[in-house]
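**Q** This is what each chain is made of:
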Amino acid sequence: MATRQTQSLARLMRAPAIILLLVWMLVPLAMTLYYSFLNYNLLSPGQTSWAGFFNYQYFYTDPAFFESIKNTIILVLGVLTITVVGGIAIAMLIDKPIFGQGIVRILVISPFFVMPPVAALIWKNMIMHPSYGVFADIAKFFGANPVDWFAQYPLFSIIVIVAWQWLPFATLILLTALQSLDGEQMEAAEMDGAPAYSRFIYLTLPHMARAITVVILIQTIFLLGVYAEILVTTNGGPGFASTNLTFLIYRAARLNFDIGGAAAGGIIAVVLANFVAFFLMRAVGKNLD
Amino acid sequence: MGQIVLTKVRKAFGEVEVIPGIDLQINDGEFVVFVGPSGCGKSTLLRLIAGLEDISSGKIEIDGKDATDAPPGKRGLAMVFQSYALYPHMSVRKNIAFPLKMAGMSEAEQNARIENAARVLNLSNYLDRRPGQLSGGQRQRVAIGRAIVREPAAFLFDEPLSNLDAALRVVMRQEISELHQKLKTTMIYVTHDQVEAMTMADKIVVLHAGRVEQVGSPLELYNAPANLFVAGFIGSPKMNFITGPEAAKYQAHTIGVRPEHVEVSKDGDGWEGKILLAEHLGSDTFLKVACPVVGEMTVRGNGEMGLHHNDTIRLKPRADRIYRFDDKGLALK
Ligand SMILES: Nc1ncnc2c1ncn2[C@@H]1O[C@H](COP(=O)(O)OP(=O)(O)OP(=O)(O)O)[C@@H](O)[C@H]1O
Ligand SMILES: [Mg+2]
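Going down the list, the sequences are from chains A and B.
For the first sequence, the UniProt record's numbering gives the first residue as 1, with consecutive numbering after it.
For the second sequence, the UniProt record's numbering gives the first residue as 1, with consecutive numbering after it.
Chain B with its partners taken away, still in its complex shape (with noise of 0.2 Å):
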């Protein structure tokens, strides 16, 4: 079991509001990911529903039960940190131990979980080091352990990949992907990586500003963005918009364009317009295109296209992938 809701949840820092009231509801077994530009409030909705904060006004529910005022350690929650933060002088099984001893569990079940633990996260080596003598992943590992132990109710996650390189963090992309499929329990993770947020999620909740934007699964926000903040967030690189007369044409205030929708061609018709930058990826080129009528393009090509610096070409928008939006950024149907 693992349902929470959030009504009309606000937190303020004396003075400074961070989140004016959001409602959501997040489902048992649900992967959610909070995305949303730094400083947007994604963490401390996190530590919010942990009970690391006190809420200013609101109700959080967990599993029907009102947790507003539960303190961290009763309301079965796990979290894993940034940081990791790890208990650096204990071992990594007394680190894993440390939630179940808090429990008063017994010797015996410790142990037994801890062995589980520690085989489905490949830890079974590592069982009598200390933290500081573990890599990045291992850590991170460990502290993902120590979640898992505990067996609760959610897992909770303030961007646990930030501290990794690259080629690490897609395979604990996997793992934590992994863990879900086989735990079934709910898990709440905080990201401003979208590709995380669009491989990971079930149900990706945009933040802007304290506000939830939109909230959708990873498609629904690709296909169908409410507003053009989402539109411009989900989405890499990110959407074009185009303002003014060729809006108009289309009956909207704006337009949108991903660039992965545009075809590009030497002499075809649509806007024509002059490459400012070409990033040529292998398998993509980027192109950066300065166009008199539109202004400046970023669209995305096959990787072969022998395009260049300077050259001449012209763009066209596939027309039943153009995305409408009001004079007030929201989206037209």
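For reference, chain A alone in the conformation it holds in the complex (with noise of 0.2 Å):
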């Protein structure tokens, strides 16, 4: 799309499909803002009225509020961390030729396949569960106490049961920029005397920037919004432990029927969610073009 012309074409071509978006996005989110001004609770819903900032008020003085932000940094952090490195290494293994490669492949990439509520129920009662989890029964065959994950170490767990849900994915994307890798490259790293781990740093990492970049930014979107596997696992405890913003809007709109503050605290997850996406591209984003 080098001329001018093309350009204003591409333009009238795409328009479409961004007006569609638009639409998509900015009437939820309208509705969302409106309602965040509003008195508006299920318990009472004749006397709704006009509320002004008293939601956000609210929210904001909610001790659970910077709680709950300071585990969706932890969490989020967590996840890619694990994902990203654990991605490398696994993407590196099965990258190798090896007997029964089509197999291993499809074994590694299979977590994804299972349905995060579904995942988190297996991990809760069948691996970290103190007394006929796999954990406790490891922990017991060499003598020692099972650890009752969800209440002694919950957003670890749940930071645990989430990168094992990712981790195919970021392996997958992964794998497929490793592949892409010129063989030659590597042959010429080897001759001008590069060890092995030389070879990574130069070469296999500056090559999979971009897509280490993808995991990421696809990675932070999903994980701001992580939900499902906390309702079925600690359901936010104890007390505010493991409680993510997200789960603090689900308690306030399903537990305390308050559409209102539920509502502010949508706005104020989007708020964060652009600064976070702003930094995001910011940091990253140049390995992208």
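Please note: incorrect hints may appear among the correct ones.
Unchecked claim - The calculated label-pair distances, taken between Cβ atoms and stated as ranges, are:
1) GLY104(B) <-> ALA209(A): 21 to 27 Å
2) LEU181(A) <-> GLU15(B): 25 to 31 Å
3) PRO71(B) <-> LYS286(A): 49 to 55 Å
4) ASP23(B) <-> LYS286(A): 51 to 57 Å
5) LYS286(A) <-> LYS65(B): 43 to 49 Å
6) LYS286(A) <-> GLU15(B): 48 to 54 Å
I should point out that these hints are in silico values taken from the structure, not numbers from a laboratory.
All residues carry an ideal CB built from backbone N, CA and C; glycine is no exception.
Work from the hints to combine the two standalone chains into their complex.
**A** Written out as structure tokens, the structure is:
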């Protein structure tokens, strides 16, 4: 699309899709914004009134608010770290020709096909359960006391579950990047006397930079909204120890039936997400062009 | 220093034996060209020398030291790949610096060598560009630059010019030859272009199905090919081979006549034939002639010959330029 003519034509052709997307985005956003300024509780739907900034103030002064933001950040960063580092490692392992490669690849990818609540329930009842989970069995085998994961390390447990679910995605994207790495470049580096870790630092990592960026951007968007895994395991507790922003909004809307408060929380979450997106694009977005 | 000696080097990929066993000596400072048809094992042999493939059996010595099991980085050889294999996210400067950095050389020494290489290769204005922003010829020079800064014992080239257009290929061919004059370092050069082989080499190694058919200087191979394969491979257009009674007149199973060693006349003596095809190149005319006595012949005449399709002519081979071969295809003295 080099010439000016093709550019304006391209703009015209793109317009319908962009307008559709805008409408799709703006209408719910406007409605949420509107609700956030109302006193609107489902327990008394008749008594809706104008609330001004009360909902925001209420949400903001809630002690759980800052804890939930902190939890959101820890959750996102924790899962990103595990999936990117683990994804690179697994991708490099299954990129090598090994016996039963096809089967291994399918097995690696399969966690992605398990729905989040199902995955969380499996982890809760079969793996991390303090009396009949696999981890408890292992602990007992070594004579140690089983850990009650969701009571003692609630946020960490959720990070593990979510990371397990997203690891296949990261692995898949990073594997395709790895497979497009030119073999002759690697051989040239070998001839240049670069040992394996130098080849990894100077060739493999820069080559995968774009894929890593994609993984970080896409996962961040989804990880900001983690919800089902918390609902079926810790329910946000103990206390607010594993409540993230999404779950806090859920609590407002579905446990307290406070539509106005939930909407205000939703708007705050949108603002925060954009904030994160802005800094993320500045930090890693340059890898994309 | 850059003497390389191969002793009974054999390479098999699984069941398939690609190189059944090669003995070869490459002397310090020589420009050696490996030629041969596609799939004959030229690249494989070069990669064995580089250490990028493990040899199945045999021995490789570099400068008198056994290098059979040495990793590629420790053999002191530099390779220029057909695809250039530049590091795409590094600038030209960083590309050239990479082997020096890996060797732990000081910044000052690195810069001195890079400046020097850039001057020799006309790259000084491009040092801060990325490989993606260079033309094919410039990329080729960067790849050579990355090889020369290391001051290796020998350079290995695998068809380095095959991605360039014809004109640039001629220029780069001369540049590589000049570089060899200047550096006097051993170079091993793989190509299937016999013009490159003839013009650049001190010594040509003709390979066929993983075997060395003949080793010699370009003119030795042209004047005294050891067998039918070499005779047919070296020289363009290809040598004409004649068997049967005409060959028997020369006490040979097969005789070979190069297209440029035939006198063409309208009505002199020699084999009579009819022109099937006449290619007028200006400087030369190539004729494809159907001769009832000896079969189809390709001959080269001068550019001004007024000969055309279907003309009847006579072909007389130069008596001192007839190559004779026995029934096994080996040259007769
Ligand atoms: N990794 C491999 N596994 C199996 N066979 C291989 C491998 N690499 C090369 N070969 C085979 O070895 C033979 C020689 O290959 P090689 O690449 O050395 O040919 P070449 O002379 O360089 O040909 P070209 O002029 O086309 O580059 C070929 O028949 C090829 O199929
Ligand atoms: Mg080859």
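**Q** Does each hint fit the structure? Answer for all of them.
**A** For each hint, the structure was consulted:
{"no.": "1", "hint": "GLY104(B) <-> ALA209(A): 21 to 27 Å", "result": "holds (26 Å)"}
{"no.": "2", "hint": "LEU181(A) <-> GLU15(B): 25 to 31 Å", "result": "holds (29 Å)"}
{"no.": "3", "hint": "PRO71(B) <-> LYS286(A): 49 to 55 Å", "result": "violated (36 Å)"}
{"no.": "4", "hint": "ASP23(B) <-> LYS286(A): 51 to 57 Å", "result": "holds (55 Å)"}
{"no.": "5", "hint": "LYS286(A) <-> LYS65(B): 43 to 49 Å", "result": "holds (47 Å)"}
{"no.": "6", "hint": "LYS286(A) <-> GLU15(B): 48 to 54 Å", "result": "holds (50 Å)"}
Going through the hint list in order, the structure does not satisfy hint 3, though it satisfies all others.
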